[in-house]
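Residue-level listing of the chains:
Number of protein chains: 2
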Amino acid sequence: MHFTSEQRLDGDVLEREFTLGEIPGILWTPESASASAPLILICPPPLGLGKVYSRLAGRARYYAAEYGFASATLELPGSGDRPRWAAADQARADLRRVMEAGEPVTDEIIDALVLPLVDRAVPEWRAALDDLLALPGIGGPVGYEGGIISIGVRMAAVEPRIAAANLFAGSLVPAAIFEEARQVAIPLHVLLQWDDEGNPRQAALDLFDAFGSKEKTLHANMGGHAGVPQYEIDAGARFFARHLS
Amino acid sequence: MHFTSEQRLDGDVLEREFTLGEIPGILWTPESASASAPLILICPPPLGLGKVYSRLAGRARYYAAEYGFASATLELPGSGDRPRWAAADQARADLRRVMEAGEPVTDEIIDALVLPLVDRAVPEWRAALDDLLALPGIGGPVGYEGGIISIGVRMAAVEPRIAAANLFAGSLVPAAIFEEARQVAIPLHVLLQWDDEGNPRQAALDLFDAFGSKEKTLHANMGGHAGVPQYEIDAGARFFARHLS
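Quick note, the sequences are listed as chains A and B, same order. If you're matching positions, the first sequence starts at 1446 in this note's numbering and goes up one per residue. If you're matching positions, the second sequence starts at 1446 in this note's numbering and goes up one per residue.
None of these hints come from the bench; they were simulated from the model. Keep in mind that a hint or two might mislead.
To be verified - Example chain B residues on the side facing chain A (calculated, C-beta under 7 angstroms, incomplete):
# : residue
1 : Arg1542
2 : Thr1662
3 : Leu1663
4 : Ala1665
5 : Met1667
6 : His1688
7 : Ser1690
Predicted model only: the values in this text are computed from it and were never measured. By construction, the Cβ of each residue, glycine as well, lies at the ideal position given by its N, Cα and C atoms.
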């Protein structure tokens, strides 16, 4: 992990861009942090970090200023300036085609779209975690949030350093990932948009039901995919504060 | 409304018992209240105020100490020392009989059990509200929470002084009340226990879906009817703080 830039943001937050091999990422740390601030991994949506920077940085600054958490994000495989791969482009084209035709999204399309992304992304996030936890001022425990729900399921199931996860309930979840959800045992906070145009409600409720965790909370709010209310940022932070402090 | 006793509780909260006609109730006010503290109506479960006092008083003291809210509760018709009536006893006996026999709970039983209680309770709570809002130190706006979900639906639908309601999703909801839910327009915060032995999950989700409110949030947690996590008290208080402050 190499730091490539550094700036101080309002509210005594230090923002550092880094690269992990070829992968760009950003780390936000509270300047007043104790020797071992908890760390939140904020997985971005697959739109490129440039496009979602202000949303991610807003959360990270809030977490730092209000709760003393450090936060980090990493560009997903195939997003932003990272190389795309032919199979992923094909899967996206297939999905677009059936959705525009009003045809059902088959398991084959979902698997082709999501599984290779999960298989590539999860080892990258785990490698980033190795380096992040070795930095001075970051001691864990670690929370995970955001991104594509299937990456979150795999991370929560396989990475023992993650103590709690805040996930956005989505559909387009491969059957294999749905089974992995049953293995998840850490506390979960799950957001659901009640009228999410791209995520059928029942599929999201079924996934919530499938998680093996004894402590899991679902927060459902009105509106579509982009309509998560502002107050849910604080609800998520309080969830992390209960489990990471 | 006549005050019958008064005591100071830890945390600078004044607790006063009162009677409204023949109906006993309790009012809790923060001693440091401004000229017009918001008021939370805490509807009790139908077990008698004596049995649920410590739970209600705990919430009221928290609301007063942390948020500066006043709170009030009122004994439900047929609960505690209030006179029972034959039709209610019969409806309860019918419900017990079919549940013990594993038979379906019919609409007739639900209507007989719930509708007369709603019809009696709602005018009492509205009358209490008249008197409570006339007291010095209580200025509204008013939040409503707790109790039997059907009373909450009717109160939220018909009482314009209630600005926000925090409800516990339940079943045994008469079809007429389900229709009234569509008329509710105020912000709602709805709690659901995912494995509530007495409240089928789908019925609770259907009721949440039916509410007409543009702003409604569902918080679902694991466990049975009595397993609502402690942190939901604060989540409810924050909901009220957003809408009553």
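Hint by hint, here is what the structure shows:
The beta carbon of Arg1542 (chain B) is not positioned within 7 angstroms of any beta carbon in chain A (closest approach about 32 angstroms), and the interface hint is therefore violated. Checking Thr1662 (chain B) against chain A by beta carbon gives a least distance of about 5 angstroms; that is within 7 angstroms, so the hint holds. Because the beta carbon of Leu1663 (chain B) sits about 4 angstroms from the nearest beta carbon in chain A, less than 7 angstroms, this interface hint is met. About 4 angstroms separates the beta-carbon of Ala1665 (chain B) from the nearest beta-carbon of chain A, less than 7 angstroms, and the hint is met.
This hint holds: Met1667 (chain B) has a C-beta 6 angstroms from the nearest C-beta of chain A, less than the 7 angstroms allowed. Residue-level restraint check for His1688 (chain B) is violated (minimum Cβ-Cβ distance to chain A is 11 angstroms; threshold 7 angstroms). For Ser1690 (chain B), the interface hint is violated, since its Cβ never comes within 7 angstroms of a Cβ in chain A; the closest pair sits about 13 angstroms apart.
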